[in-house]
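A.B. asks: Between the sequences and the hints, there should be enough to build the whole structure, so can you do that?
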Amino acid sequence: MTFKQTALIFASILLTLIGLGCASKGDGKIRITIWHQMRVDERLILESQLKRFMVLHPEVLAEQLYKETEELRSGFIVAAIAGQGPELVYGPSDQVGPFQVMDIIMPLEDLFDKQYLDGFNPKGLTYYKGHLFQIADKLGNHLTLVYNKKFVQVPPQTDEELISLGTKLTKDTSGDGKADQYGLVWNYTEPFFFIPFMTGFGGWVMDTSGTPTLNTKGMVDGLKFIQDLRDKYKIIPSEADYNIADILFKDGRAAMIINGDWSWSGYQKAGIDIGVAPLPKIVSTGLWCAPMVSPKGFSVNINVTGEKKKWVAELLKYLTSPENEFETAKELNTMPTQKVLYENDYIKKNEILRNSQMQIDRGKLMPVVPEMRAIWDSMRPSYQAVLNGENTPEEAAREMQRNALQRIREMNE
Amino acid sequence: MKNWRHNAYVFFLVAPAFVILIGVVIYPFLYNIVLSLSNMSLAHIRDWKIIGFQQYTKIFTEPSQPDFYVVFLKTIIWTVVNLFFHVVIGVSLALVLNQKEIRGKAMFRTLLVLPWAVPQLIVALTWRGMFNYEYGSINLILTQWFGMHPIAWLKSPLEAFIAVIITNVWLGFPFMMVIALGALQSIPHDLYEAAEIDGASWYHKLKNITIPLIRPVMVPAITLGTIWTFNNLNIVWLVSNAGEPSDQTHLMVSFVYKAAFNFYRYGYGAALSMVIFVVLLVFSLVFMRKTKATEAVY
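One line per chain: the protein sequences are W and G, in this order. Under numbering that gives the first Met the number 0, the residue at position 274 of the first sequence is numbered 273, and the numbers go up by one with no gaps. Under numbering that gives the first Met the number 0, the residue at position 219 of the second sequence is numbered 218, and the numbers go up by one with no gaps.
Heads up, a few of these hints could be off.
Partial chain G-side listing against chain W, Cβ under 7 Å, derived [unchecked claim]: (1) SER40; (2) LEU41; (3) GLN64; (4) TYR68; (5) TYR132; (6) GLU133; (7) ASN138; (8) THR142; (9) TRP144; (10) ALA194.
Keep in mind that the hints were calculated from the coordinates and are not lab data. We put the beta carbon where it would ideally sit given N, CA and C, even for glycine.
C.D. replies: This is the structure in structure tokens:
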């Protein structure tokens with residue numbers, strides 16, 4: 000083969016590739032991409048809603064792309080800073096803080112009229128530094144007490160009832176000295192699951208200025224309470240991560256589990272007759288165990304401009320319309336953000352959604368500041384050290400505070 | 000003129016690969032060096048600037064959570080122990096499989112390669128379940144078959160570290176076995192016959208024929224294995240559930256991952272990754288030189 004022939008072949012291949020690369024998949028349509036971290040069942044509903052939107056608006060090509068949470072965040076940061084990325088990014092509200100600091104999402108209050116925004120539960124609109132950055136279609140991501148109705152007829156209202164019921168339901172049926180059924184399980188490894196105990200004893204993760212408040216009586220008492228559940232009352236296993244807790248509950252070897260709204264449909268599909276109840280009240284403080292509540296919704300990439308902005312707003316409006324939110328709520332037992340749906344008979348009469356609503360009302364909104372990352376990461380090792388018996392609750396609380404302050408300082412360097 | 004045309008022709012053929020190499024290796028590497036000298040972080044993602052070697056100074060002098068030197072030492076132990084078992088188990092099995100008398104070689108080979116063929120995510124999560132204190136199969140075997148006390152594999156730092164090493168040893172030996180088997184099969188059989196005529200024992204044949212002749216193949220494999228093991232994120236991250244217990248099961252790479260992606264400390268993370276690069280570069284150069292891996296043996 001001569002030099003000329005080879006060059007010709009290479010040039011043809013190159014031109015074909017360039018041609019393919021430049022060919023618009025949307026065929027002149029306005030292309031809108033959504034990156035999200037939705038579960039499969041949520042994804043299927045989103046897909047059908049996007050299809051319906053495209054039937055209504057044939058000039059738009061709306062696509063969705065699943066990414067794992069961390070991959071979505073880091074990928075979106077890199078893409079948006081480079082002037083690229085999806086038009087819409089979907090996730091829990093805690094991503095708003097870092098995205099806003101990096102200036103990669105746009106304020107939304109000018110994109111939508113007041114009447115539209117007034118239709119939302121205020122918890123579904125995430126404001127940061129005075130601007131609206133996320134509009135949610137679901138409220139929650141919150142923990143509740145999920146119980147198996149085969150074992151529990153009336154869920155516990157207080158910590159004392161929880162202990163008493165848990166003691167009755169923790170059983171050693173084989174007589175080998177080890178429990179074969181536990182009263183209660185949850186994921187011990189993540190501090191997110193510890194928050195309700197901390198708030199039940201009066202603690203919280205940060206003050207209004209964003210400074211961590213981890214070395215408090217509420218934290219210490221919450222940690223001691225968990226230690227007692229395991230070592231004194233022995234109603235929880237000595238070790239459980241998310242999978243173990245989940246399997247124990249699904250296998251009928253745990254009567255109650257503390258888990259989030261994402262898990263309910265899975266338990267129902269597994270054939271368990273579940274009940275969902277708000278987490279109990281701590282008698283000594285008179286406070287309800289309050290989980291973190293976070294809306295999940297859409298933010299708009301800062302790089303969206305011109306005509307596309309109008310269509311992105313239109314799509315966002317469509318996806319958060321009462322009809323579409325109701326479809327998701329009915330299918331997945333998620334709490335909608337459109338206020339009008341709170342008067343809907345189905346939602347009012349659905350026991351799970353009613354109790355979920357009660358738990359959301361008692362919950363505390365998850366802070367969206369980027370410093371939350373440092374707080375989680377400082378809580379995790381010390382919390383685990385207490386559960387492993389390597390540290391006292393008092394020392395763990397001091398360590399958490401010290402580490403959180405150091406990490407926040409490092410993050411803001 | 001002909002020489003120029005020939006060079007241009009070669010350059011033309013190599014150019015596409017070279018362009019890709021620049022895009023995916025050279026440019027990111029140079030960019031990483033620049034980042035490691037910068038203050039890029041959450042607060043300075045758009046207005047970052049070059050600050051010299053401050054990030055490197057921070058790595059070596061400022062306290063961190065977990066401590067840099069402890070993580071570094073653990074990474075060295077992790078790499079050495081893993082490589083030792085990968086090579087010993089891999090070469091031993093290869094020697095066994097290379098015996099003529101073994102029946103059903105193909106089946107054994109397939110079975111032994113299985114750990115390598117299963118996706119790492121599945122392997123890691125399965126082993127994590129097996130290490131559970133109450134319900135894990137390992138503790139059930141230890142308690143019910145051997146009458147031992149259950150071990151808190153994932154709750155104590157030492158045991159958790161041993162647990163991730165066991166998982167990675169299981170996952171890593173097939174690679175060394177396959178490489179060693181290939182090398183063993185390329186050794187001319189008449190060398191062994193000549194040694195037998197001279198009355199050489201099994202040990203002498205291993206020492207004077209087998210090991211020297213598989214060395215040129217094994218040394219690059221060990222070098223590669225070292226780099227892979229040193230940089231292994233999946234197994235440690237998944238089996239220890241991101242550093243459990245209490246952030247005490249971290250390696251250098253998970254340390255970098257946390258700095259860069261959990262805390263948005265891009266400059267610091269880039270500097271840490273350059274430290275890893277230098278460590279591995281020095282190791283590879285010294286190891287290749289000491290073992291004379293690139294010298295011809297035949």
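A.B. asks: All hints are to be evaluated individually against the structure, with a verdict given for each.
C.D. replies: Hint check results:
1. SER40: Where the cut-off is 7 Å and the nearest Cβ of chain W is about 6 Å from SER40 (chain G), the hint holds.
2. LEU41: holds, 6 Å
3. GLN64: holds, 6 Å
4. TYR68: violated, 17 Å
5. TYR132: holds, 4 Å
6. GLU133: holds, 6 Å
7. ASN138: violated, 10 Å
8. THR142: Interface hint status for THR142 (chain G): violated (10 Å vs cutoff 7 Å).
9. TRP144: With a minimum Cβ separation of about 15 Å from chain W (threshold 7 Å), the hint on TRP144 (chain G) is violated.
10. ALA194: violated, 50 Å
Of the numbered hints given earlier, the model fails hints 4, 7, 8, 9 and 10; all others are met.
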